Amino acid sequence: MSGLPAATVRRLQKLPQVPSVWEGDRHSLSGRLRMGSQVSPGAAEGECILWVDGIQGVVRAMEVVPLGSGIEPMVRTLILAMERPHSASPARPQKIIVRDREVQFFLRGVLHELDIKVECQPELPLIDEILQSFEDAHERLSPPLPAEYADLLTQKALTLWQDAPWDYLEDHQVLAIELNHWDLETLYVSVMGRLGMEYGVLFYRSLHSLKQFRQDAGQPDTPEEMEEAFLKQDCLYLTFQARNPDLNELPDLDLAELDPDEIEPNFGTIHPLEGLRIMLQEDEAAVLSVALEALHRFLKQHHNKLEQDFQACQGRYRIPNPQSKNQPKESTLSVQVRTLPDVAADLLELGEEESETPTHTLLRDDLVPEGAQLGLGVLPWTTVEALRLMGQLHPLPQSNLVEEGEGLPVVIVRTSRPKAKQLIENLRGEGGPQGICFNTGVDPFDGDRYDLEIVQTGNQDLHLFGEFPEDDPVHSMARKRWERRCRDTGGYCGLVVAMGVTSVRPELQMRHILALFEMQALNPTRLGLGPMVRISRQFHLP
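According to the UniProt record's numbering, the residues represented by the sequence shown are 1 to 542, in order.
For the record, the hints were derived by calculation from the structure and aren't laboratory data.
Since we're looking at a predicted model, the values are computed, not measured.
Some clues are possibly wrong.
Straight-line Cα separation of at most 27 Å, DSSO-like style, residue types lysine-lysine; simulated pairs [said to hold, decoys possible]:
#1 LYS305 - LYS211
#2 LYS117 - LYS14
#3 LYS211 - LYS95
#4 LYS95 - LYS117
#5 LYS325 - LYS305
Using the sequences and the hints, build the whole thing.
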């Protein structure tokens with residue numbers, strides 16, 4: 001490997017050289033020490049690189065890297081130690097000492113222009129002492145869950161994952177779990193995941209805390225205010241993430257597409273005076289284990305009713321007491337779970353009051369989820385009929401659809417499962433899609449022309465679904481096929497809302513389709529449209 005770039009050498013030569021000796025080494029981390037480190041996601045093991053001022057006894061730089069990263073990270077961390085040290089001034093040392101002979105030879109070649117001596121010695125007592133203190137500190141940390149509850153809570157959490165209450169419960173549709181145990185009378189349950197923000201369940205210790213959070217988080221002015229509202233909650237929580245850390249980095253990851261063995265539950269508690277804590281005490285773990293079991297039994301008993309409507313339901317269950325060995329007279333606990341329709345109505349009304357009415361332009365651009373894949377295609381008539389039998393086809397009133405040609409021409413919007421379900425609800429709230437047309441759009445600033453894909457909903461609003469360069473040959477060919485197929489069906493077409501944008505199988509399959517809306521292909525002149533002009537990122541009639 002060649003030495004440092006000339007510009008870097010000149011920059012480092014400008015630093016003052018101090019009469020100091022630095023120790024540098026890399027050390028494998030134990031699994032406990034890796035928790036919370038900056039090791040790259042997915043790395044099976046990690047190493048800690050340290051550069052320490054042996055005279056002042058301070059750590060100048062530290063970095064955690066994946067095992068087997070080579071010698072180069074030693075140089076990167078050394079440059080950090082010189083230019084941006086922890087608790088010290090920028091400087092160059094007169095000498096550095098390392099433990100590994102290969103590292104010594106490598107550094108000699110890289111640093112020869114910086115007038116830094118590089119020596120090797122088998123013992124680095126200061127670094128060994130620091131690393132041992134790291135290990136000791138982490139060994140004193142309590143595990144996230146008490147040992148006797150770890151498997152129990154994980155099992156109950158994964159059972160709830162398979163119950164999937166977010167498929168039919170909104171976060172404002174609150175349940176009450178009456179425990180009357182562990183100094184708690186009632187937990188108020190809010191299910192997350194319907195809107196795709198995060199899958200999980202919040203168990204509020206008071207109804208006041210739940211309502212206060214929804215009010216404070218309604219319209220925060222800054223991220224700091226949102227964080228403050230979050231930390232003022234008083235609740236226990238269960239959230240889910242992908243077991244593979246790399247998957248959690250995907251922006252449109254839908255956990256619902258993963259197998260149960262790929263899901264990992266996380267537990268914790270939030271309190272206004274304590275903040276966020278990811279380590280549960282024994283009583284808190286016991287509360288969650290009983291609450292999760294009661295919630296599972298309630299959902300198993302009433303999910304059919306709740307899928308139709310959030311109505312009054314309740315159930316009482318005898319739940320094993322996880323602390324019965326300490327309380328033999330209370331081997332089981334009587335727990336009641338019930339819905340709170342009145343509270344749900346109040347929270348929904350609160351959200352509607354806080355939401356601002358959006359400013360409507362002639363062509364709205366607020367329906368299609370960010371990052372969605374758009375396209376034109378065709379559904380075979382057998383698929384259309386299957387969707388009809390499954391109740392996923394939403395026909396137009398008084399439809400005269402002609403089943404001719406190779407199938408139904410469709411606009412396809414493909415996104416993550418939560419976003420797709422939200423899009424379906426939004427479309428229904430707009431009166432459903434009624435028709436679609438293609439219209440010309442012009443950007444007056446650069447002269448570009450676009451073919452705008454515009455959908456009209458039942459409330460007569462016009463929505464921009466896609467914009468394609470007018471000279472795009474792929475889109476032009478797809479549109480010609482689209483128009484030919486629409487002529488075969490008597491002007492009828494469809495809008496497919498599908499999930500699986502991050503699927504390993506990119507082709508659209510039957511299981512990906514969540515809804516098919518029937519529409520009509522419209523002429524833009526019928527809607528009173530002419531060429532539209534882009535003004536401030538939106539298209540308007542001039």
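Evaluated hints:
Only pairs whose Cα atoms come within 27 Å are accepted, and LYS305 paired with LYS211 is accepted, the gap being roughly 25 Å. Using a Cα cut-off of 27 Å, the hinted pair LYS117 and LYS14 holds, with the two alpha carbons roughly 17 Å apart. Note on LYS211 and LYS95: the hinted pairing is violated, with a Cα-Cα distance of about 61 Å set against a maximum of 27 Å. For the proposed pair LYS95 and LYS117, the alpha carbon gap of about 5 Å is at most 27 Å, so the pair holds.
Simply put, LYS325 and LYS305 have alpha-carbon atoms about 37 Å apart, too far for the 27 Å limit, and the pair is violated.
When each numbered hint is compared with the structure, violations occur for hints 3 and 5.
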